[in-house]
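For the sequence shown, my numbering begins at 1 and goes up steadily by one.
One or more hints might be untrue.
[Said to hold, decoys possible] Simulated crosslink set (BS3-like; lysine-lysine; CA at most 27 Å straight-line):
| no. | residue 1 | residue 2 |
| --- | --- | --- |
| 1 | Lys277 | Lys377 |
| 2 | Lys195 | Lys102 |
| 3 | Lys436 | Lys490 |
| 4 | Lys490 | Lys478 |
| 5 | Lys469 | Lys510 |
[What the hints assert, rightly or not] The calculated label-pair distances, taken between Cβ atoms and stated as ranges, are:
| no. | residue 1 | residue 2 | range |
| --- | --- | --- | --- |
| 6 | Asp406 | Lys196 | 23 to 31 Å |
| 7 | Tyr248 | Tyr12 | 17 to 25 Å |
| 8 | Ile13 | Glu435 | 55 to 63 Å |
| 9 | Lys377 | Gly223 | 18 to 26 Å |
| 10 | Phe153 | Ile13 | 37 to 45 Å |
Simulated from the structure, these hints should not be mistaken for laboratory data.
Heads up, the beta-carbon is just placed ideally off N, CA and C, and yes, glycines get one too.
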Amino acid sequence: MNTNIQNVLIRYINYLFLLVVLMITQNELLNYETIEWDIPSYLVASQDIKNFHIPNQNQWESKGPIFMYLYYLISFISGKSFVIFKIINDLLLFTISIILYKVIHFKTNQKYLALSSSLFFILFMSQPWAISGYSEIYSLLFLSYSYLLILKFRYSKNVFIYIGILFSISTLINQGTVIFLLPFLVSEYFRNNQKKFFNNSLRTLFGFLIPHLIFLIIYFMSGLIDIYFATFVTIPLGYIGANYSTFYELRVFSRELFEYNLYLYISFLTLFFFTFKKSFENHSFRFKTTLTNVDILNVLCGLIFYFVGSHNYYHHLIFFIFYISISVGNIFYDKQKQIFCFFILLSVFTIFQTSFEKSYNNLRNFESIQNEYPLYKLSKLIDSNFDDNDYTILALDYNLILFYLDKPNFAYIVHPSNHFEDFIVDVLSDLDKVEKNHIESLINSEPDVIICNPRLIIRGEPIDLRSKKFNCEVSDYKKNYIKLDTLTYKNDENLNFYYDPYKEIRVFIKQK
Numbered sequence: 001m002n003t004n005i006q007n008v009l010i011r012y013i014n015y016l017f018l019l020v021v022l023m024i025t026q027n028e029l030l031n032y033e034t035i036e037w038d039i040p041s042y043l044v045a046s047q048d049i050k051n052f053h054i055p056n057q058n059q060w061e062s063k064g065p066i067f068m069y070l071y072y073l074i075s076f077i078s079g080k081s082f083v084i085f086k087i088i089n090d091l092l093l094f095t096i097s098i099i100l101y102k103v104i105h106f107k108t109n110q111k112y113l114a115l116s117s118s119l120f121f122i123l124f125m126s127q128p129w130a131i132s133g134y135s136e137i138y139s140l141l142f143l144s145y146s147y148l149l150i151l152k153f154r155y156s157k158n159v160f161i162y163i164g165i166l167f168s169i170s171t172l173i174n175q176g177t178v179i180f181l182l183p184f185l186v187s188e189y190f191r192n193n194q195k196k197f198f199n200n201s202l203r204t205l206f207g208f209l210i211p212h213l214i215f216l217i218i219y220f221m222s223g224l225i226d227i228y229f230a231t232f233v234t235i236p237l238g239y240i241g242a243n244y245s246t247f248y249e250l251r252v253f254s255r256e257l258f259e260y261n262l263y264l265y266i267s268f269l270t271l272f273f274f275t276f277k278k279s280f281e282n283h284s285f286r287f288k289t290t291l292t293n294v295d296i297l298n299v300l301c302g303l304i305f306y307f308v309g310s311h312n313y314y315h316h317l318i319f320f321i322f323y324i325s326i327s328v329g330n331i332f333y334d335k336q337k338q339i340f341c342f343f344i345l346l347s348v349f350t351i352f353q354t355s356f357e358k359s360y361n362n363l364r365n366f367e368s369i370q371n372e373y374p375l376y377k378l379s380k381l382i383d384s385n386f387d388d389n390d391y392t393i394l395a396l397d398y399n400l401i402l403f404y405l406d407k408p409n410f411a412y413i414v415h416p417s418n419h420f421e422d423f424i425v426d427v428l429s430d431l432d433k434v435e436k437n438h439i440e441s442l443i444n445s446e447p448d449v450i451i452c453n454p455r456l457i458i459r460g461e462p463i464d465l466r467s468k469k470f471n472c473e474v475s476d477y478k479k480n481y482i483k484l485d486t487l488t489y490k491n492d493e494n495l496n497f498y499y500d501p502y503k504e505i506r507v508f509i510k511q512k
């Protein structure tokens, strides 16, 4: 067989293997309707686009506009099926793993190492907290491709314009990813003379400004430039000021990885050690070695991203995990490569073995899974209380019901927890988008349906919202509302993967 044909065949067999592993490891929990509340909130906020409104015009979410457009596009392609939406998001993760494969193969010319690196990333992302759909995955799609471009076409002048555009798109998905421009620029500074660095930086900046200028003009023409700046500057600074991340949580993260899969945990430790080993050779920190190594800088910025913008949410470590996966290309010694690949092989075998049966059943029955989702069934019950589709819903929790019913939220703020973040409410109040006591005001406006939860876990503490913001028992003080019996849906084992003993479902219907 021709050598080129053989290489292509091996490459596509590896791709197929990655796809199989990814689909099995990502869909073990497909029968659970919700794993966390970010994704339903993003879905609801993105649906306003179909009415030819721009993101954050009527429904506010903290992410960038391109993220909302991509979310709407995928939800449209999925035919409004939440299950198919989840599966399509798996394909985004698969695309990133293919880019990662290409990066490592280009750097090492070793297919087995490229495969191991992609498997490491996929297996890490198989943990419940990392199930795809987060803005980090969408940003990573563009960041990873920018890495591949600079690797393959470094000596092309125009590539730096494309790099800038890709970085810009990433920040228009997740604002915090601007931090990954720093490793790129620092690395370029130490690699080139001053003139070349200046020219390359200028081209990168030019590319970076193009998408941002387009959206600045769009928001300015729409009279929403204040919201644009609030979403990209003021409110993100509030996130930093309200930082709750701790090193203790990283210890918890490490322990949970150990409990999830011992071999993956060992793979992570060995890779982390091999990555930083050369920086500390001869018992001294090699400053310039580290600064010229863009992979090490990206790993460090991945950790900084977690601490600066996180509230101890593990999905903020996704960038760190990706760049640790890329650092496989920096392992020089064959014995180290063999150790890493050996533990990855054991990880694949053990995780695949435990996930296969449940994932296979979920994928085989994917068309019927949504009908068994408790919030989907509850949405049908709510809709049956109305003769037509002309009714309004205020959802202070369980936003997924809005998506099923194709309804906007009666509230401008979509994400449940953002209603209780003072630094968000204060900024939006100053812009006359919400009132100071906005929840009380919204309830007093008497929408047709009110969905809420009397307790909320805020930064690990269960909070009774009656003592904080409002009384969820609407029918107690508004006698024109009746409360639906939701106990069956609340107790459904498919509602949440993470059991929350404090959480209730309250649904109130206004009587005509």
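task = Hint by hint, work out which the structure violates, then give me just those numbers in ascending order.
result = Violated hints: 1, 2, 3, 6, 7, 9, 10; rest satisfied.
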